[in-house]
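Student: Below, each chain spelled out in residue letters.
There are 2 protein chains.
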Amino acid sequence: MSLTFKINYTDGLARNGVVKTAHGEIRTPAFMPVGTAATVKGMTPEAVAQTGADILLSNTYHLMLRPSAELIAKMGGLHKFMNWNKPILTDSGGFQVMSLSKLRKISEHGVVFKSHLDGSEYNLTPERSMEIQHLLGSDITMAFDECTPFPVSEEEAEKSMQLSMRWAQRSKDAFIKREGYGLFGIVQGSVFPKLREESANALKQIGFDGYAVGGLAVGEGQELMFSVLDFTMPHLPADRPRYLMGVGKPDDIIGAVQRGIDMFDCVIPTRAGRFARGYTDEGEKNLRNAKFADDPRPLQENCPCPACTSYSRSYLHHLFKAEEMLGATLLTWHNLTFYQQLMQGLRDAIELQKLNEFAEGFLVKYRKEQCPD
Amino acid sequence: MSLTFKINYTDGLARNGVVKTAHGEIRTPAFMPVGTAATVKGMTPEAVAQTGADILLSNTYHLMLRPSAELIAKMGGLHKFMNWNKPILTDSGGFQVMSLSKLRKISEHGVVFKSHLDGSEYNLTPERSMEIQHLLGSDITMAFDECTPFPVSEEEAEKSMQLSMRWAQRSKDAFIKREGYGLFGIVQGSVFPKLREESANALKQIGFDGYAVGGLAVGEGQELMFSVLDFTMPHLPADRPRYLMGVGKPDDIIGAVQRGIDMFDCVIPTRAGRFARGYTDEGEKNLRNAKFADDPRPLQENCPCPACTSYSRSYLHHLFKAEEMLGATLLTWHNLTFYQQLMQGLRDAIELQKLNEFAEGFLVKYRKEQCPD
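Protein chains in written order, with the working numbering: chain A, 1 to 373; chain B, 1 to 373.
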C-alpha cells in the first residue's frame, strides 16, 4: 500500500480530505512551504510546523548538486538531515533544470546539464530522478517531466507532452514502492484542451498515486490558468489527490480549490517575507513603507504568529530598514501562517458547504485595500 | 532604591552573586549577548532567553540614529519594542561614536558627529546620553565617556580619563533615578596603574550602582588586559557589580572572573556564529571546513542547544555552503548557549570553591585541540 487519500467532504468541485503518508497525515486542501536547499529559508522546522504546515516541498535539482542525494542518504535521509519529521514532497528536478542550469541537452534518454553552482556536468533521467528522490526518502515523489515553455505552439507542446508521458512511464517503472510512499504523475499540454486530455488519459493508463497539473504559473495569467483547470480537471481521477504545481497567490489558491485542486506549493509567502512584503486580510503590505515607522499595531489583528502577537509594524519596519535577519524570519513566519490560516479556512468552509461564501468574503476584503504601498 | 547586588559566594577574588533590576535578576558572573539594533542578530528573543541569558546589551549609538530613542519610547520602550522582558543594559554611545561615526568633534560639552548611515549631524553629551537611555528604558545605564585610543601616551590617556570623569559626574547629575534601574560608571586610564587608580577613586567619589572597566579589548592582548585588571580591581568597591566591557573569548572571561569581574558583553559568539565559527569544549571549529561535510555528529556532545540536539555537523556545513540563514541562526544559538553554559560552570565552581580547578580543566581541553581548521 502506497499513500492513501480519503475525501471527507465536498462542496461543488472542491474537496476536504486527508492524505496519509509514512510520515503522517496531510490535511487537504494543503499548502506546502518550499524548502529548496533542505531548509525553509529563515525558519527553523519547529517554526514551520507551528504555522500549521503538514508537509513541505524540497528540490531534487538543488539537493543533487549540493550536498548530493548520496550524502543525505548517508546522513539518514532528508527528514533526519533537516530535522523535519512530517511528510516531504520532492519535485523531479525537471523544472529547475530548465530554469536554472546551463547548457542543457535534452534527448529521449534525459537531460545533460551543467550545474549553475560550479559548471560541472550532470545527467538527469527519469530513472536517476527516481533514485535521487528514493535516496532523499521523499514521501511523495514526482515523475520526471520536461517543463514545456510558455508560450508555445500546439505542435511543440504536443511533442514535449508526449516525451513527458514516456518519461512518466519510465518513472513509474523505476519507482521503488514502499509502504506510505507515493508517486505522482504530472499532466502537461500547455493551454491546449486536447493535449491536456491526452496527457491525463496517458497518466491514468500508467496509474499514479496522485496527479499534478504542471506547466502553469509560468506567465499565462490567472484567467488562462483557471481555464486550463476547468478543462483539465474532469479528466483526472476523482479519488486521487490533485496538485497544482508552483501556485500561487491567495486568490489563485482559492480559485483552484473551487476547481478541485487539493495541494499547492509556492515560494511566494517565503520570498515575500524576505523582501518585506506581508500578506494580510487586506492584501499585501510593504513593511519598508515609511508609514509603518511609528505604527504600533500588529501587522494583522488576531493572527496567531509571533510577528503579530509580539511585535508592532513599527518594529518590523525597523528590522527591514536595519537589514536585520529577524525581519525576514518574522515576516516569513507571518506569511506562512497567513497561508496556513487560509487553507484551514478553505477546509472548514468545504466542510460547512460554504466555500463560495468564504471565497467571496475573503476576496472582497483582500482586494479592496490593494494599493501600491 | 536603584538596583541591588548580593554576593552569595566568593572563591579567591571571584564572586557569585545576583543583581536585581526592574526587569528581573541577573545571575553573576553574567554574559550579556549583544543586541545592537534592538535584536540579537538572527535570533528571536525567545531563543536568546533559552540559551540562559538573563540580560542583553543594546547600543545607544545605533538606536539614536535608527529608529531613534523618541520613537522607541513612543512604542512603549525598548523592552516592549523588541519583545525582551528581562533586563537590558545600554552602552552610552561613546565607544561607537569613536569607532563608527564620521567627522567627530570632541569638546568639553560632548561630541558632535555625523551618522555613518546618512551623514546627518548629531550631538551627544552626557546629558543627552542619559536622556536616550532613559527613553529606551534601560535597566542599566552606562555613564557617557570618551573611548581612549590604544596605544596612547600617559599624558593623552590622563587628559582623556579626566574628561571622562567630568562627564561621569554630569552623567550622574542627569540620570533620573527609578526603582530597580541603575547607573554604572566606567573606569578609564588605559594601561597606566596611576590613572586607573585615580579614575576608580573619582568614580567612587561620585558614587555609582556598578563599576565598569572600559578601554580594554582594544588590541592590547590578554596578558596586558589581565595586568590592568590586576592593578585596577583593588580600587573598585567590593559590594558593587563590576563589568568588563567588550570582553571576550572564553579564556578572557575565565581569567577576568578569577580577577573579580561580574559582568561581560561581547559580539564574539554572535558574530562568529554568522561566520560559521562554532565554539566547543575543544576550541573553535570552522563549519565551512570540508571535513565536516559528511560528519554525522553533533557540533558538541551534550550541548542542549537545537543546533546540537537536532542537527549534524554535516547539515550545519551544508547550510553555510548554501548560504542559508538558518546556518547563522543555529550556530549563533549554539555559541550563545556555549557561553551561557560556561557562565553557569563558573558560577557553580565559585559556589563549590573549585574555580581554579574548573578553569584549568576547561582551558586544558579548550586549548589542546586548537588548530587552524
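In case anyone wonders, no lab produced these hints; they're calculated from the structure. Careful, some of the hints might be misleading.
[Unchecked claim] Residues of chain B placed beyond 12 Å of chain A at every Cβ, according to the derived structure: (1) ASN83; (2) GLN162; (3) GLY207; (4) GLY283.
[Claimed, not checked] Distance ranges between label pairs, derived from CB positions: (5) B:SER68 <-> A:ALA73: 46 to 54 Å; (6) A:ASN286 <-> B:GLU360: 53 to 61 Å; (7) A:ARG288 <-> B:GLY119: 19 to 27 Å; (8) A:THR4 <-> B:ASP348: 50 to 58 Å; (9) A:ARG288 <-> B:TYR9: 48 to 56 Å; (10) B:PHE275 <-> A:ALA293: 50 to 58 Å; (11) A:SER68 <-> B:ARG271: 29 to 37 Å; (12) A:PRO151 <-> B:LYS102: 49 to 57 Å; (13) B:PRO304 <-> A:GLU223: 52 to 60 Å; (14) A:ASP118 <-> B:LYS102: 39 to 47 Å; (15) B:PHE275 <-> A:LYS74: 36 to 44 Å; (16) A:GLU223 <-> B:SER68: 30 to 38 Å.
Note that the structure is a prediction, hence the values are computed from the model and not measured. Ideal Cβ placement from N, Cα and C applies to all residues, glycine included.
Student: Could you tell me whether the CB distance from PHE275 of chain B to ALA293 of chain A stays inside 50 to 58 Å?
Tutor: Violated: the Cβ-Cβ distance is about 31 Å, outside 50 to 58 Å.
Student: Mind checking the hinted window 52 to 60 Å against the Cβ distance between PRO304 of chain B and GLU223 of chain A?
Tutor: Holds, since PRO304 of chain B and GLU223 of chain A (Cβ atoms, about 54 Å apart) stay within the stated range.
Student: Can you tell me whether the CB distance of ASP118 of chain A to LYS102 of chain B sits inside 39 to 47 Å?
Tutor: holds, 41 Å
Student: If I claimed the Cβ atoms of ARG288 of chain A and TYR9 of chain B lie 48 to 56 Å apart, would that claim hold in this structure?
Tutor: holds, 51 Å
Student: Could you say whether the range 19 to 27 Å given as a hint is met by the Cβ separation of ARG288 of chain A and GLY119 of chain B?
Tutor: With a Cβ separation near 21 Å, ARG288 of chain A and GLY119 of chain B satisfy 19 to 27 Å, so the hint holds.
Student: Does the claim that GLY283 of chain B lies outside the interface with chain A hold up, using a Cβ gap greater than 12 Å?
Tutor: holds, 24 Å
Student: At 12 Å, judged by beta carbons, does GLY207 of chain B keep clear of chain A as stated?
Tutor: Consistent with the label, GLY207 of chain B stays out of reach of chain A, its closest Cβ about 36 Å off (over 12 Å).
Student: Should the hint that SER68 of chain A and ARG271 of chain B are 29 to 37 Å apart at their CB atoms be regarded as holding?
Tutor: holds, 31 Å
Student: Would the least Cβ to Cβ distance between GLN162 of chain B and chain A come out above 12 Å?
Tutor: At roughly 36 Å from the nearest Cβ of chain A, GLN162 of chain B sits farther out than 12 Å, so the non-interface label holds.
Student: If you check the beta carbons of PHE275 of chain B and LYS74 of chain A, does the distance land in 36 to 44 Å?
Tutor: violated, 27 Å
Student: Taking the CB of ASN286 of chain A and the CB of GLU360 of chain B, does the distance hold inside 53 to 61 Å?
Tutor: Taking Cβ atoms as reference, ASN286 of chain A and GLU360 of chain B lie about 56 Å apart, which means the hint holds.
Student: Is the hinted range of 30 to 38 Å satisfied by the C-beta distance from GLU223 of chain A to SER68 of chain B?
Tutor: The hint (30 to 38 Å, Cβ to Cβ) is violated, given that GLU223 of chain A and SER68 of chain B are roughly 47 Å apart.
Of the numbered hints listed earlier, those contradicted by the structure are 1, 10, 15 and 16.
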